[in-house]
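Asks: Okay, here's what each chain looks like letter by letter:
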Amino acid sequence: MPVNVEIPVEKWSGSVRLVKLGATAAEGGTRSRSVTIGGETSLPFLGFEGKVPNPPCVAVEVRATNPAEDWPPPLTKAWGAVLGDLAAWTKAAEAAGADLIVLQLTQTDNAGERMNGPKARAALRTVLQATGLPIIVLGAGQAELDNEMLVAVAEEGAGERLVLGPCEEKNYRTIVAAALANGHLVTAKTPMDVNLSKQLTVLVHDMGMPLDRIITDPTTGGLGYGIEYGYSVMERLRLAALQGDNMTQQPMLVTPGEEAWRTKEARAGEGVPAAWGDWEERAINWEAMTAAALIESGAEIVVMRHPVAVARVKQMIAELMKA
Amino acid sequence: MALSGLDIYKLLPGGVKPPHPKANCKECGFPTCLAFAMKLAAKQAELSACKYVSDEAKAKLSAAAAPPIRLITLSADGRKVEVGNETVLFRHEKTFYHPTAVLVRVPDTLPAAEIAALAKAVADYKVDYVGMALRLDGLAIEAVSGNAGQFAEAVAAARGACTLPLVLVSEIPEVISAGLAKTAGITPLICAATEANWEAMAKLAKAAKAPLVVRADSLGGLAELTQKLTAAGVEDLVLDPAARGFAGSLQMLTQLRRLALKKNFRPLGYPIIAFPYLGTADPGLETLLAGQQIAKYAGFVVLGRFNPADVYPLLVLRANLFTDPQKPIQVEPGIYPINKPGPDAPVLVTTNFSITYFAVANEMESSGLPAWLLVADAEGMSVLTAWAAGKFDAEKIAKTVKGTGVAEKVSHRKVVIPGHVAVLMGELEEELPGWQIKVGPREAVDLPRYLKTAW
Ligand code: B12
Ligand code: SF4
Chain A
91 MPVNVEIPVE
101 KWSGSVRLVK
111 LGATAAEGGT
121 RSRSVTIGGE
131 TSLPFLGFEG
141 KVPNPPCVAV
151 EVRATNPAED
161 WPPPLTKAWG
171 AVLGDLAAWT
181 KAAEAAGADL
191 IVLQLTQTDN
201 AGERMNGPKA
211 RAALRTVLQA
221 TGLPIIVLGA
231 GQAELDNEML
241 VAVAEEGAGE
251 RLVLGPCEEK
261 NYRTIVAAAL
271 ANGHLVTAKT
281 PMDVNLSKQL
291 TVLVHDMGMP
301 LDRIITDPTT
311 GGLGYGIEYG
321 YSVMERLRLA
331 ALQGDNMTQQ
341 PMLVTPGEEA
351 WRTKEARAGE
361 GVPAAWGDWE
371 ERAINWEAMT
381 AAALIESGAE
391 IVVMRHPVAV
401 ARVKQMIAEL
411 MKA
Chain B
65 MALSGLDIYK
75 LLPGGVKPPH
85 PKANCKECGF
95 PTCLAFAMKL
105 AAKQAELSAC
115 KYVSDEAKAK
125 LSAAAAPPIR
135 LITLSADGRK
145 VEVGNETVLF
155 RHEKTFYHPT
165 AVLVRVPDTL
175 PAAEIAALAK
185 AVADYKVDYV
195 GMALRLDGLA
205 IEAVSGNAGQ
215 FAEAVAAARG
225 ACTLPLVLVS
235 EIPEVISAGL
245 AKTAGITPLI
255 CAATEANWEA
265 MAKLAKAAKA
275 PLVVRADSLG
285 GLAELTQKLT
295 AAGVEDLVLD
305 PAARGFAGSL
315 QMLTQLRRLA
325 LKKNFRPLGY
335 PIIAFPYLGT
345 ADPGLETLLA
355 GQQIAKYAGF
365 VVLGRFNPAD
375 VYPLLVLRAN
385 LFTDPQKPIQ
395 VEPGIYPINK
405 PGPDAPVLVT
415 TNFSITYFAV
425 ANEMESSGLP
435 AWLLVADAEG
445 MSVLTAWAAG
455 KFDAEKIAKT
465 VKGTGVAEKV
475 SHRKVVIPGH
485 VAVLMGELEE
495 ELPGWQIKVG
505 PREAVDLPRY
515 LKTAW
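Protein sequence lines correspond, in order, to chains A and B. Just so you know, the first sequence maps onto residues 91 to 413 in the working numbering. Just so you know, the second sequence maps onto residues 65 to 519 in the working numbering.
It should be emphasised that the hints constitute simulated quantities derived from the structure, not laboratory data. The reader is advised that the hints may include incorrect statements.
As the list claims (entries may be wrong) - Here are the simulated BS3-like cross-link-like pairs (lysine-lysine), alpha carbons at most 25 Å apart as the crow flies:
| # | chain 1 | residue 1 | chain 2 | residue 2 |
| --- | --- | --- | --- | --- |
| 1 | B | K144 | B | K273 |
| 2 | B | K158 | A | K101 |
| 3 | B | K516 | A | K354 |
| 4 | B | K326 | A | K141 |
| 5 | B | K107 | A | K101 |
| 6 | B | K326 | A | K101 |
| 7 | A | K404 | A | K110 |
| 8 | A | K288 | B | K190 |
| 9 | B | K74 | B | K107 |
| 10 | B | K327 | A | K141 |
| 11 | B | K326 | A | K354 |
| 12 | B | K124 | B | K107 |
| 13 | B | K455 | A | K260 |
Note that the structure is a prediction, hence the values are computed from the model and not measured.
Given these sequences and hints, build the entire structure.
Replies: Next up, the structure:
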């Protein structure tokens, strides 16, 4: 006698906001296509209860400054010579499967001199010419410099629907104003807290930024270094979004690449326990696992670094989208 | 799910229709049946205090008190794993209690010597993570050969090499029976009963007093089998929903967890076993699928192979997700001597967040350099988090330096603070007169080099 079991479906009243990155020629930019994220009406990948209209995206990080000194060999080896050539690196990132390109700005250039507006502008120009993918530009983490660079970048890429960030509670006005003036989007970054995330979205929105041009970065830790805090905050944000809490409905961007590659597990090849296993495999696993856990807790964009980890996470997303 | 006081009342002498003659007799020590029901719901009274409850009501009440996901135990010679008894869908709602058991597959087609070596490697695998020893939980021996004799030999080889809990994997009852003959004295998990073999498997499970996996590819199929098996007297069950890939596994396991917790649907209130290697042929993806299943909602995960570079991140993910969100993992504040420090050894301060403490302590220990490590009570927060929350300020650091009595242990007056809180330098000089405040590097990895050059 077959038993009839009713599938337990949650009825959600809210959904994740749709956000479109990049503008094609028809839309006033030069991108070969735009990318839409968000729109989910269920928890991640639960096709039996709602729609997941757009797959999460993998954004691959490139820089105008060669990071070879700072990045460990498993990462530098994978990219090889392109690390010193922004255009070539961008093309390689696209070939590696990137859906989006992140131009990560730095505090100094290759000569060790301070970066500035004109240099950031030139870097963006190079990336725009090297790829047709939508572009995210992230600051170097120093407010004054970031404002200078992001304003220049915003002007240079006017009309491209770039994403500029991170806007933080202490520093968002200049970036938001530049994005507004030039038709771009922003990321709003807060330290792993549902209420802070909502508040910053409100502040950015109050400046006139439409909600469909705001992406939230709830911040995360790497695997073993606080990922559980980010994971749970993202689950809470997503539940709130589906329950209809308007200011939690922005798509989420997180940076597992940066977090994973700062851990000792990814950086250290010698003097570590044998139980850690092969360095390269472990390091790639560290990044891929961090990204995967965050995607399954609700991320729409993961910013990543290693081409093998990128390919693996893309495959995982394709599998999950079969739902 | 727990019954409310009113639900319970409806089963007591005063609440049934028609009421029992003894309704509200006060013999239980409460003025009315309703008052007694409220106390029962609050777990402040025992049902046995009322002599007039019907047997039917007793059965209903004890069933409702049982956990919505049954606790299943596998044991072998002292090592055991327990899974189940979970109460929430999301860790922030409370916590996850029983970490997913991670096991490694052993095909019985391997030569006996290889089986023994693999079993030993899995059993010996141990990795330190913030002071916790992370380990694998067992072996799943699979009768790939389909041959009873060969399977028995494989089980014997594994048993000879380790004391890990075992899963015996075959759908052929004779093969399982041969394996069970080699597991006397331990409690393995039998995998699996299906629509075709469940009667024979039930007999084996009962005789061996072992839990049994139920395999079917639909919720209805699983529920039907668990009901047949419980009716046959096998109560310790584990579910294998046979949805192997990323999407299928996520959906099926989510549905099972919801049915157990939100609907209190008894026929599916059991832990789940997952086989990520059956969901993908790519070893890298297998590790990600295993991670998904640890997060969403497997009780047992069987890995297709043993590779430390895959196992370590999985065990760390498990440790992270099963940490109680209300209690960050912390160490005791105080003074920690590292590498037998003497009076001239450096003094370092950090916080009592486990990840922070071990990042520094491990780095120092492996460098061989002696030091006095002072751990401030920062309520289990990392350096910057604690600083931002006002739990690791100049006052707190000064209090730690004074409170630990390090001044009596060293002949100098120098203390190194983390590079991330360099801004505290000035204030700290005021709080700690006579001490020289030194700003260390930002990351613990750079500490040994810093101490060699700048101390
Ligand atoms: C996880 C986390 C949390 C978790 C807490 C985890 C915990 N138990 O501490 C939660 C979510 C609770 C949290 C909360 C907050 N957080 Co917080 N959080 C983080 C995060 C993501 C990681 C921190 C971490 O665990 N790092 C890993 C540990 C090991 O690092 P560490 O302690 O610094 O130790 C390293 C070094 O300092 C060094 N070291 C340690 N000791 C010593 C000693 C010596 C002598 C030396 C030389 C070196 C050294 O070695 C270690 C390894 O290299 C960071 C951002 C980031 N990615 O870093 C933000 C961050 C620390 N948080 C921040 C903030 C603002 C907050 C909140 C105030 C937000 C709020 N208003 O709610 C709250 C405060 C807490 C509260 N009021 O309850 C900010 C701090 C900004 C600043 N500079 O002021 C950060 C930097 C995020 C940001 N960019 O905005 N946070
Ligand atoms: S013992 Fe208590 S619960 Fe039982 S019938 Fe009497 S009053 Fe009611």
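Asks: If a hint holds in the structure, say so; if it doesn't, say that too.
Replies: Verification of the supplied hints:
In summary, the hint linking K144 (chain B) to K273 (chain B) is supported, as the alpha carbons are separated by about 15 Å, within the 25 Å threshold. Taking the CA atoms of K158 (chain B) and K101 (chain A), the gap is about 23 Å. The hint holds against a cut of 25 Å. Between K516 (chain B) and K354 (chain A) the alpha-carbon distance is near 20 Å, which keeps this suggested pair within the 25 Å criterion. Between K326 (chain B) and K141 (chain A), the direct Cα distance comes to roughly 22 Å. Compliance with the 25 Å bound is thereby established for this hinted pair.
Only pairs whose Cα atoms come within 25 Å are accepted, and K107 (chain B) paired with K101 (chain A) is rejected, the gap being roughly 33 Å. For the proposed pair K326 (chain B) and K101 (chain A), the alpha carbon gap of about 14 Å is at most 25 Å, so the pair holds. For the hint pairing K404 (chain A) with K110 (chain A), the CA-to-CA distance comes to about 20 Å; that is within 25 Å, so the pair holds. Simply put, K288 (chain A) and K190 (chain B) have alpha-carbon atoms about 42 Å apart, too far for the 25 Å limit, and the pair is violated.
Proximity of K74 (chain B) to K107 (chain B) is assessed by CA-CA distance (about 17 Å); at most 25 Å being required, the pair is judged to hold. With a C-alpha separation of about 24 Å, the suggested pair K327 (chain B) and K141 (chain A) falls inside the 25 Å cut-off, and the hint holds. Annotation: proposed proximity of K326 (chain B) to K354 (chain A) is violated, straight-line Cα distance about 41 Å (limit 25 Å). Between K124 (chain B) and K107 (chain B), the direct Cα distance comes to roughly 16 Å. Compliance with the 25 Å bound is thereby established for this hinted pair.
Of the pairs offered as hints, the one joining K455 (chain B) and K260 (chain A) holds, with about 21 Å between alpha carbons and a cut-off of 25 Å not exceeded.
Checked against the numbered hints given earlier, this structure breaks hints 5, 8 and 11; the rest are met.
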